[in-house]
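Given chain A, put chains B and C in place with the hints provided.
Chains as they are written, first to last, in our numbering: chain A, 1 to 166; chain B, 1001 to 1746; chain C, 2001 to 2109.
For the record, the hints were derived by calculation from the structure and aren't laboratory data.
Just so it is clear, the structure is predicted and the values come from calculations on it, not from any experiment.
Every residue, glycine too, gets a C-beta built ideally from N, C-alpha and C.
It is possible that some hints are incorrect.
To be verified - Okay, the calculated beta carbon distance ranges per label pair: (1) K2009(C) to G139(A): 53 to 59 Å; (2) S2099(C) to K1179(B): 43 to 49 Å; (3) E2033(C) to I1386(B): 44 to 50 Å; (4) V1338(B) to E2095(C): 58 to 64 Å.
Unchecked claim - Where chain B lies over chain C, by a calculated footprint (3+ residues, C-beta under 8 Å): (5) 2047-2060; (6) 2083-2096.
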Amino acid sequence: MQNTGTSESQSKTSQFLTFTIGKENFGMDLHQTREIIEYAGITQVPLMPQFLSGVINLRGEVVPVIDLSVRLGREAITLHKRTCVIVVELHSFEQHCVLGLLADAVNEVIEISAENIEDAPAFGAKIRAEFIQGIAKKGEEFIVLLDAEKTLSPIELAYLVEAELQ
Amino acid sequence: MSLDAALQTFYVEAQENLESMESVLLQIDEGECNDDMLNDIFRSAHTIKGSAGIFGLDHIVSFTHVVENVLDRARDNEITLDHDLVNILFKCRDHMESLVSFSLDDFQEETELQQTGKSLLIALSPWSNEDLKEEVSTKLTQPLTSIQEAIDDKKCWHISLRLSNDCLKNGMDPLSFIKFLASLGEIKHIECLTDNFPDLADFDPENLYLAYEIALQSNADLATIENTFMFVQDDSDIVILPPDTKIDDYINLIENLPESKERLGEILVRCGALTQNSLEQSLTQQNKTQQGSEHEDKQLLGEVLTQQSTVPEKVVNAALNKQKQSQNAASESKQIRVDSDRLDNLINLIGELVINQQRIDLLAKKSGDPSLVEAVDDFEDFTEQIRDAALSLRMVPIGGTFQKFKRLVRDTAQELGKDIELIIEGADTELDRLMVEKLADPLTHIVRNAMDHGLESIEQRQAAGKPTKGQLKLAAYHDAGHIILAISDDGNGIDKERVREKAIDKGIINTETVMTDNELFHLIFHPGFSTAQEITNLSGRGVGMDVVKRNVEALQGNIEISSETGQGSTFKIRLPLTLAIIDGFHVESHNTHFIIPQATIIECIDLDAHIDIEGRHCINLRGDMIPYLNMEEIFNLTPSMKQETNRDKENSKRHSTELVIVQFGGEMAGIAVDKLNGEIQTVVKPLGPIFKALKGIGGSSLLGNGDIAFILDVPQLIELAIGDETHLTKSLISSNENSNQNSPTE
Amino acid sequence: MAKVKITQKRNNSTEITFSGELTIFCAMEIYQEHLQTIILKPKVIIKLSSVSEIDTAGIQILLILFKEITKQNGEYEISSINDVVNDFVKLFNLESCFSPSIKNIEPPL
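One chain only, chain A, in its complex shape (with noise of 0.2 Å):
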């Protein structure tokens, strides 16, 4: 028989997109994002929360772009020259969602063992817990890894517009 099993001895490492916002720096899994772009403007839509800055033309497709900031409760970002919009694609939700963050900058791609990955403190995040799929550890550093699924939930996001709007 032939021997053509793969060596399965190390163990499962991802690969993490990591950006900061104000002074945090933030990982996503990178399955979930899809590109990078430049931030070239916005086109605010009416009557919307704070966290939805507005609409953007990808290629012709209309993107909501989020602020993520508030999203996770805090300042709103400032804008400036180097402001970069990562595109994430969600797949558990029935419809496709392509969504926009705003990032300060864009850091590396890292890639982590899952051994190196702890769960999100039980207390003193400042951030809900169901957001964060851990912390990485890199060297000193500690990334807050976010869980894109449930942070831009866009049944949630939905909801929240529906609130503001009421």
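What follows is chains B and C alone, placed relative to chain A:
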């Protein structure tokens, strides 16, 4: 065609045949009956039976066979389709529909379904043939205990298969055919011929090189065996020789097959079709008689065989291809099936074309080159035509959906003991195919509601002096870029008191709440609401109407109710005609771009003098008071960063000087904006589920320069502008009596 | 997918082991990568017990292989087979091509 795809086609075609049967039965039920209809319905049943046979769906074959027999007798005028028989046939058709959804294996588990089938067959027996039972037992190919004897007859067929080389590439594996044939009986012998195999170097692994000679012992009929190969018969040579075929015919077969005679002869002997002796005898004989004769082709083989009086007439047809071709020609119609994904893709591409065309338009205008501008204008014309043509492909007439209600109304009326007639108007009205599917449920619910609660019983109607036959009308028509579906009845109308009581009961409103009739009617859309005194199993479960409303709103539509006590009610569903590409009018307010669907625009005027009545902006349009909305106010449009200077604040006073008068559903309102930018074709880009709650905006669009514009939802805006109608009308009357006031724009 | 392992043995025989799917989807790959330029020693041992799925295209692969071996005046032996392949062989009455050595019937993987 792969077996899975073939099975899919079977289901679709069976469904069509079942619908056709229902349609004819309804007509017969209403009193019409002619030969064509009887033939139609027979053929539908016959086709379903035949196709089911290919896939070994014996539960369908055996049941349908009896139904077919009855219908055959009917078209031969041996029996008549009276009311009782028609009722039973309706039930049989329904049963067939249930059967079609089960595979043979799954069917074995369905004892209830089997019971239903048996009782229906018993119910049919007064009309079916005496010797029906025997025929059934010999036609059935799945061994039941009573037909063991039949199996012992050596009914051996010989099947010669030279399938097309591309068979495997097309997803058809001879394995499936052989397995299927095996299910029809027993494969006594099979030979795989490898004569066609090339050398290893020339071998194409995706080509089919194998040929087959098969001896099949089966009691199936020729049609069933033939139908096995229905989906591969193009480019294939398939010869089926039934039991009792004469030796000469086998010799002819050998003559016509590509492989060598001796080899074929041997194969046939091994298959048991011939004995060694008869083979040798016949070959020599054949050689003698055929000297000088032409080479026979397959067609001739068929003729030769049928000419021999010893061969039963209806049995052999070696020109399988030819027969199938003629069958197909008969059923050919001017329609083709199109994969819906491909159609959607086409529409998307055209959307992109439209956007692109606008970019070119902008650039051409910038260039100022007159011939370029003209060429681009022509281009725009053609783009519009292509767009309309493509969109029209997605349009289907609503008639099909309406027709389905005939059966529902008939059965429900019978169940309720009421006499109800269904009238259909505007069946030709077309709407987007996607919507048709989504409307089926809401329409069903409203119809059932009307029949259950709206229309009265025969006695009640007589007592009220109405004709005993209640009328239920389904009407469809177009209005300003929308399609309207109206369901109306001449029953006793919505009982306002009961609705009110129930709403108070459910805590939806309290006893002091003052509501207009319209608001009251709309209470029935509130979740958990039901006005039925008892909850019938038709409607009134309290889960219906709110789902109806939601489904309609999901299609960007809305529902209106009007009702008069004692006279009847009408439910009107309004839906946008298409969700893909529309003719739009580009406007701006505070640097925000909007698109107004052209179909809704009546005119554009300058806005100077306006009046405020009860907090609403109004304008006097040639004597009529028309309310309008200021986009800046409605959408809270903040001035852009640039406009912070005093001079800009001055300029801001001049904002909102243009008024676009729009209409929808007989109502008019105005939309006040800063700038009018002209007509453009608009590709509708939905904003997505996050923005669902945003009223007044129904999607977005990309302008020629890449900017995003918001498409205004005119019906919603008009509703907002008008608000409470009677309230406004009252104020208008009083304001008209005073002199008009002028006030500067804000 | 399919896996084909060809070993040229020191006793002047070729051993071919087929495993995985032997179907239309892999046929081209199997042919182009392994069979088109195969070197066949006078004796060929064919192992089929690891074939998980087989269809007509797969059988044709085997049949062309048998034909080639015979054309080169060699001989072949099916040293192991399983139910998956055997069922197919029986259905199509191809035992004569696959015999004499139908031994070691192992369950399909």
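Verification of the supplied hints:
Checking the proposed 53 to 59 Å range against K2009(C) and G139(A) shows it holds: the Cβ atoms sit about 54 Å from each other. The beta-carbon spacing between S2099(C) and K1179(B), approximately 23 Å, falls outside the hinted interval of 43 to 49 Å. A hinted range of 44 to 50 Å holds for the C-beta pair E2033(C) and I1386(B), which are about 46 Å apart. Hint check: V1338(B) to E2095(C), Cβ distance near 47 Å, so the stated range 58 to 64 Å is violated.
For the stretch 2047-2060 of chain C, the stated coverage by chain B holds: 5 residues have a C-beta nearer than 8 Å to a C-beta of that chain, and at least 3 were required. Residues of the stretch 2083-2096 of chain C with a Cβ under 8 Å from some Cβ of chain B number 5, which satisfies the need for three, so the listed coverage holds.
In this structure, the earlier hints numbered 2 and 4 are contradicted, and the remaining ones agree with it.
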